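With the hints in hand, could you dock these two chains into one complex?
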Amino acid sequence: MVGLKSKNTSDGVQMALLSSRMESIARKMQNTLFRTARSGVLNTAHDFSCVILTADCQLLASAESLPIHVMIGPDLICETIKKYHPDLKRGDAFLHNSPYEGNSHAADHCMVVPIFDDNDKHRFFVLAKAHQADCGNSVPTTYVGHAQDVYDEGALIFTAVKIQDNYKNNDDIIRMCKSRIRVPDQWWGDYLASMGAVRIGEREIEILGTEIGWGQLEKFSSDWFDYSEQRMIQAISKLPSGSIVTSSTHDPFPGVPDGITAKVKIKIDSKNSKIFIDLTDNPDCQPCGLNLTEGTATSAAMIGIFNGIVDHTVPPNAGSFRRIEIKLRENCCTGIPRHPVSCSVATTNLADRVLCPVQVGIAELAEGYGQAETGPIIPAGMGVISGNDPRKENMPFVNQIFLGITGGAGTPVTDGFLTIIHAGNAGLCRQDSIEVDELQYPIHVSKRYVTMDTEGAGKFRGSPSAYCEFGPIDDCSMKVLYTSDGSINPAKGARGGQSGGVAKTFKKDPDGKLTELPNCYGLALEPGEMVASYSAGGGGYGNPKEREIERVFNDYKEGWISKKRAETVYGVLFDKNDQVDFSKTEELRKKF
Amino acid sequence: MRMACDTGGTFTDLIVEDGTELRMFKSSTIPSDPVQGVLNAVGLAAEHYGQSIDTFLKSADTFIHATTRSINAVLTAKTAKTAFFTTLGHKDILLFREGGRIEPFNFSVDFPAPFVPRSLTFEINERVDNRGIVIDELDDGSIETALNQCRENKVEAIGVCLLWSIANPKHELRVGELIRKILPDVPFTLSHQLNPTLREYRRAISACLDASLKPLMFEYLDGLENRLNEAGFHGRVLMVTSQGGIMDAADVARSPIHSLGSGPAMAPIAGEHYAKQATDEKSVIIADTGGTSYDVSLVRDGRIPWTRETWLGQRFRGHMTGFPSVDVKSIGAGGGSIAWVDDGGLLHVGPQSAGSSPGPVCYGAGGLEPTVTDCALALGFIDPAFFLGGAMQLDEIAAKSAIEKNVAQILKISVEEAAEAVLALATEKMVGAIEEITVNQGIDPKSACLIGGGGAAGLNANAVAKRLGCSKAIIPNVGAALSASGALMSDLSSEFGKISFSSGKNFKFDQINSVLSSLTEKCEQFKVGAGSNSIGYKIEYFVEARYPQQIWEIDVPMAGGQLKSADDVKNLMNAFHQVHEGIFEISDPNSDVEFVNWRAKVSCQIRDEIIDNLNMNSSENQKVNVTRPVFFGKKGWQDTKVVSFEHIELNQVIVGPAIVESSFTTVVIEPGSKSFRDEVGSLIIEVLNN
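Top line first, the protein sequences correspond to chains A and B.
Read in our numbering, the first sequence has 260 at position 260, and its numbers run on one by one without any break.
Read in our numbering, the second sequence has 921 at position 329, and its numbers run on one by one without any break.
The shape of chain B in the complex, shown without the other chains (with noise of 0.2 angstroms):
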């Protein structure tokens, strides 16, 4: 038996895969002590299968884990006091960052600060030029000076980060012995060592990141599997990754980083997983949809994509992690966010958000400004006496007076209207990021299918669909808990990468081939360590390149792990032509290409099969037969059909308006669209399209 658990801000999902199916459960976050949010809800589960936890847990081999708990410490400055070690004369890369501004207008918000103080930023005498050479001596001396004010400065942990490290790691190799030395407790990253890329200042704020994380990801992690031990498991631990992999628990703690973001890298997993089995959609837009964000990304012929440009917080207002992770668009449009009007009558949806505190004005908690989800309610489309099965009474008269009082009002029109318009524009809010993400890679969203996941996409997923385009929209029956089975399909990976420049047309395949080589056997180390026990693995291979003077590269995968010919070389520079086009619209097939980041990932399998079905059977909802009026903009209300998700036979068509329901979502089928369940159970819209 192998579980999943993705701790999020409000719930902690469990997915329990037993022989030949899935299990869901679903339980409170507990912010003051996570790991007993998890155990309740691995509790939940013990209890459902009628045993004790400890005999529960002691049939489990495989425990895998994402969290909220690495980010969080981050964005609520909760982190290590981290130092930040860097070459003379440049202490201020984490102040400039890379520039950049929003909003040009807009004076009120104060410069970021830096992630690590100036003043505990200490410059090391050292200097080497972008081919390596040494231009100034390193001068152990002031490595043994900022160590010493770090012990005075009680510093816990130690980013450095020197220019052109990656070029020639000699001088951060040695700032690492000497903190070893010197400060043999505090816990230090090399830039060179975690992300070997160019631009320093992401070198730098991973490298501090990663730094700052270690020593409370260690006590987490540590605490977890302890934890987790003494109620009786004593299986694996492992870690969802911000890369779409899994990794040793104990892996994760030495490199925090990985642990950033790693709920949502797990959605474009799943959602892929899915699709595949109810469409043949080259490309997938996977949208989770959460109480404050909706999570946007695009999975293209299998392939999940992934960026160095990871904002935490807002672009250019907050840090960028410079570390590559999936690609994964996060907005602030959920279930939460605020409809309000402005002073001159346009409606606006978020940015801000009730959150899951006060939550929205039907929660009863407090909320008072009305939202997506109050308004969802409005039109119907929630059962109040049924949200999370009903474990949850949901004030519709509440919701539907804020509705008044703050938008139909102001806007003079009926509350139905006003909840129809606040959906409308949430819809294209996130309609704006598919397609940010869509069509800046050359992707038209009417040759995707979408895939809903998240506890509120069935709200508007079929809308969503309709307005891109696309033809279908699926809801995995595990939707409202997309991360946590992603977790459960995923390899064992790893990825190593190494810069060497190189053009097309003046080929060094020696060097280029040697470095190949290296990261091959990298691959192969990976293969026999961490992935020892694994059923079958695989490496694939990829360069970042560019044309000569542009700077930002994009990814070509390449045919294998050497490239032997002139041929070799051509095809991959033609495969380059290829891939720019297709992303920007042009290509210049006459101009040299630049081959600057060779990268190797090996991914290893550690199941034989995925299990994808989830079994519902013990839900109370017993909906057969019923109606309840529901709005539908121009048609009005509507007595419309309710069908329970887990009742639905697997050759019942449910043409819309229809109403589907289960403990742990709500999917609005539109006038017209037609839907249905495919083999593994996931509810297939076919939408209908003007």
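Just chain A, same shape as in the assembly (with noise of 0.2 angstroms):
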């Protein structure tokens, strides 16, 4: 057992203090803003993230953030705003959404302050990262797949721009965006939710600082990324060496004919507790927006191994990140992009397809590590909605939903989480409420539920595909924007496993009739025309014929899988009751 070296007796009591105090005040800027903000992406789905920085822009605490928003992206958020503003003082805040200076996607608004102990010296960040509902983009979607470049995309960049002076807003920016996001209330709202989070954060940690000391909390932070070291040199030194080269393809999409594959060349150095990720050998930048950013593309490989490693007691930091390499390219789709690539969907579709290649990997060269492949997305069922709503005097709307996503992997010791949507956000955002989505927009949802048979098969299996089925109200018109990754590709298993269902679109006219739709797709729909979305499931882990018997049951009594699965994917046979037949079951287990 390796214990801290040379600390002294008080260190695991003081610093079990403060992180729990930092983690606190965390939590509570996401209070903040998710009960303020008004958008639902926001305020129903949670798709935002708050964190806590040292001065010298390492990731300190980040309470329950979405990984793929901020493991990296935060860190470089800050050290462009330093370079810009070498000046920093106490009542500044930073407005930055600029995917080629640290952000993920233009979507995300980043609003950044920093915090100032009584001498006025530089000691904290705070950041709060919001998905907007809109964010000025050519089309209403925050999501432009089949952007050429940031100028088709449409996006409104804003690189460290100091938004706040002295606490007071700079109305000029207020102005430029209210002019240029569409439904301009509605995203001042979401401004004044993400501003009212970190000057919470920032009035706790002026209070904590003056309270322990600005000195003693400095001391703490650079203790805990000791610590949380430690912690992952300890992780790490549980899995075996070696190195695996392992790869997913995203579907083809506008301007990606062939799709784009993402190779992943994985080391694990056990002696040495490091792992290394190189994700060079990738083609370069596309004319089309599912190119990843330095944070993204980063971001995704570290959570694929921190899904791998199974100990989530390892805080992710600053500290445990330095026992993980990963190499990126300039101008490389799963690197470092150039201005004027697009980078519009960076957070979610390619993204993944390097997350997930990576707990695969680890799963093959570790049994009882890594996990299957989480399912890809956006499905219309997560698409941005936007038209006029005539119960409301025509009033434009603009939101991404999140009606039926599924998608979780299987995993050593569990199925695959169902609402997990991505593996990106590690199932922190929610899901909907129908009667919630119907009031606030011009919708009727007629159907949501998981399918039958379209879980990834395994000793742990994938999650099931969702579908839903919705459509615009009587007199209205509606657009459904949407990024479909996995309807060719499906979700791959490990170990094993099999693949989850493959993702799905289809325009449903009022007479039933039904139309596959491409999986890049701006849908108009008129009254009485539906959309109908399956969400792709995941991949299963190890093989399905030895999973537990009883779960095989009770999926089959669940709905989950047909009994022709059950007999032919399973093995496992019933008798005329629908019970088990568990002696011909052993029978023909026997045999595989």
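Not one of these hints is a red herring.
When the alpha-carbon atoms are kept at most 20 angstroms apart in a straight line, the in silico PhoX-like pairs for lysine-lysine are as follows: (1) A:K584 to A:K557; (2) B:K1100 to A:K392; (3) A:K545 to A:K591; (4) B:K746 to A:K557; (5) A:K576 to A:K557; (6) B:K1266 to B:K1233; (7) B:K673 to A:K557; (8) A:K447 to A:K507; (9) A:K545 to A:K564; (10) B:K762 to B:K1090; (11) A:K83 to A:K162; (12) A:K392 to B:K1097.
Simulated DEER-style distance windows between Cβ atoms: (13) A:S20 to B:T668: 26 to 32 angstroms; (14) B:S1106 to A:K89: 54 to 60 angstroms; (15) B:H1239 to A:S237: 55 to 61 angstroms; (16) A:F574 to B:S1106: 56 to 62 angstroms; (17) B:Q628 to A:S20: 40 to 46 angstroms; (18) B:Q1244 to A:T210: 33 to 39 angstroms; (19) A:F574 to B:Q628: 42 to 48 angstroms; (20) B:D1270 to A:G91: 41 to 47 angstroms; (21) B:D814 to A:T210: 56 to 62 angstroms.
By construction, these hints were calculated from the structure, which means they are not laboratory data.
Remember, predicted model here, so these are calculated numbers, not experimental data.
Beta carbons: idealized from backbone N, C-alpha and C, even for Gly.
Dropping the structure here:
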């Protein structure tokens, strides 16, 4: 057992106390943002993150933020702000969303506030990153899959823009936003919510610093990073050393007719407790919105590692990150983009195609570790809807909905977590209430449920697909924009597990006729027409014939799988009373 | 004479209100037959008064009961076999819940099974929209088919939640009619009647929970009433509700979701009362320390807080009740929380708990891992010979050796330092829980006072208050049975609500006033019904409101039961802006306000005055001028005076370090803090703050 070297006795105690205070400050920031935001993507789906960083831009505390938002990115953003504003002072607040200098994608507006001690020494940063309902793109969606470049994408790009000075808004910038972002009042309400969050974080850290002493807080940060690194060393040392190259392929999209295969070289060095990932052997940036950013490419690979090492008690921060090396390349679609490449969809689609092969690679190298692939997104059931609401004097509306998305991957010990949504957000986003959606927007949701036989079979199976069907109400035309990966390349299994169900999208005419739609598309719907969306299922982990018989029986009883699938895929046979026939099952399973 | 009885996981607390004073009795809970535990506690009381149980019970007119029966049934999956009826196309409402997850990298926890399995979920062919307009006509055939399958499956209860039944209940009512006709013996719950709220999952889960508890709670409450009657009681049996009121037991049997979490809901009521006696602070933090959990609530300006987001089990890993209840935040930190050190050398307290079985190491019942209680013993806070008034002898040596092995050796510190660190960390967890509910609501804990309830509260109430910056901590003398004493103070109450949308700028006077009138009428009906023998009543009105496009409403108290003029509406809008700013630091005063849910709460007073002074004179504790060594951090071991709670004179000031003890609790007064008793007998600690 390795303990912390040469630490005095109180450290284990003081560190526990202060880390819990820091986490609770991040949670307070999140609560404020959630409860006060105006758009559904924030106040219902919870698509935002709040974190604390040290003055030298090291990620310190992130509570339950979306991993793809925060593992790497907030640090780069704070560095960018310091670069352009070396004279930071109390009362400043910055708006930043540039994908070229640290951010995830343009739709994630970051609000950043530097925090000072009583002697005006810069001590910390707080950062709130919130996915906007709209960010001024050329089309009403925050994910422009078909954008050839940032001009085609159309997003307003802010690079370390000082939006508050001495706690007062710069109204020039507010007016710019209001005149270019759809449904300006909604944006304004969301802006207030983000600002409330960072200012609450600032107030709380000031109180803590005064109480504990700023020097003490700085010492805590450094001890906490060392502790976290030790925990990571121990976690990695439990894995066997080894190298593997894995890959995952994103479906063909506009601009990339053959899709994009992301190749991932993984090396685990157990002896020195380090994990290396090389993402450089991948195509250059492509003429579409799928390109990753430095933040999302690195974060994606790191999430795969944290999912793979199977020790959730390792704190994810700049300390534990010291044991990970991710190699990126400039002008690479899974690396560092150059202006004016479009990175409109950088948090989800291709990011998941980097993340998943990392967790699969770890699974292949080490039994009992890693995961299968998580279901790819963004199906129409998670698309951005827009139009004018006839119930509210034709007021415009735009928002991303979260109606039916599943996709959890099988793991060494559990079935896929049904409402994971996608690998990068780890299920921390929520699923919409149908009544809330129908109240807020002029839509009618006629169906939402999970579908049979779409789980990636395995000893631990993936989640099945979700189906949902919705359209505009009477007197309303509506657009639905989505970027659905996974209709050709499903989520793969690991260690003998099978692939999850594929994503699909249909237009449903009033007479019930179904027309299959492209996977990256903007659909216009008239009253009576509906869009039918299947999310992708998650891959399975391990051989399905080794799945516990009770779990197979329960899946059958509960309608997750058909009898035929139970028999042919899982090798579980039933008697005439529909109960498991154990002796026949054993006989059959022996044959494999 | 009135009695209140709280059946907890370990103890059954009974408080008897006899003329002008209270008396407290504790008996072990009997999990296999909790009513017997209740009768045993009654037996102890009768014995104290030197009467037979029959004579004793005959002189009582009211018996108020709180129980963990229903929550335990849900947590251990022992509720009735329940079916769920819902709108066609939406069978997975209970499966999806509202999504969400905790601990992003922890994949060792399976996705929770739906509260009602999919195999017992039935789709009804119908659909209503958000305006209440029928889009798809109801097909009776689909109900009949579902009911026939329920019969085949021997279903014992049915929860019904159709989409938008809050906008038009016609279809749910028809489902109810047909259940009554076809399966007359199967109890059911209609979501719009039980819990008229937006968000289908919350209505569905509350309807299913309620239905699933009906057979069990009917039997339990019926058994309780019958056995109390047989034993001689002929008064009124009332139940504590999760909404912090009391209801006739028969009404709770018809709507048993009210009994979920009924115990903790009472602590804030008692806490608020004792705080009012002792201080002028407007905000009161009530912290109830049990063996495994620490329940925190915040009362502001006398208003008991409520929430619709009460989780059974862990957040996002269990089920939300979806039902309005007193907002009590519960964390896994109590006397039984286990202390351990991880492989990076970091000390942890909990979340594992030794519970009541095997319990702390010092109980000598097989526990091997050191707990908070063991640490309190090692520091000299607890007298091993006087735990529960000497009813249980504690093993100090075993406790110390477990701390030595599991904590002190690994951290290379002394046993005392280890024990102190464990208590400090437990204190910090409790402070974190308190801060989450106070600061999140815009309350600075410095301006609040802390009330400590539960047998273990006194161990670190002083430390918690100090850490929060509160100037006062109060341990009521009934603190060890705070919930039960709250039950005796409660009003008979009920709450009614109706969703009706209106914006402030375009206010629908007629529509809203007619909604308010209908709520008033329901309150009046309650008053002449259940509240017919009460001696006074009041109706309070609230509206849940938000800014346009927000989706989480906040509660705004209303001045009265009607809104007559533009000025009335303007005042209500201003009140909303203020409440919003108070909670979230920001408001948007130029914005319109949307009013969503109108609520009225009727409270009927059933006793003329609150009796709040506990008579403790039966105790064997006669400690006068006694001292013992107690470990206080940097000051090390100090010869510390020990005072018995009941022997503190009214004007006597006890300067810390000191230990105040009674048969039910131990209170640590830290060096520098002062303490004294107020007129009702509460111990007030004036905290030394840095």
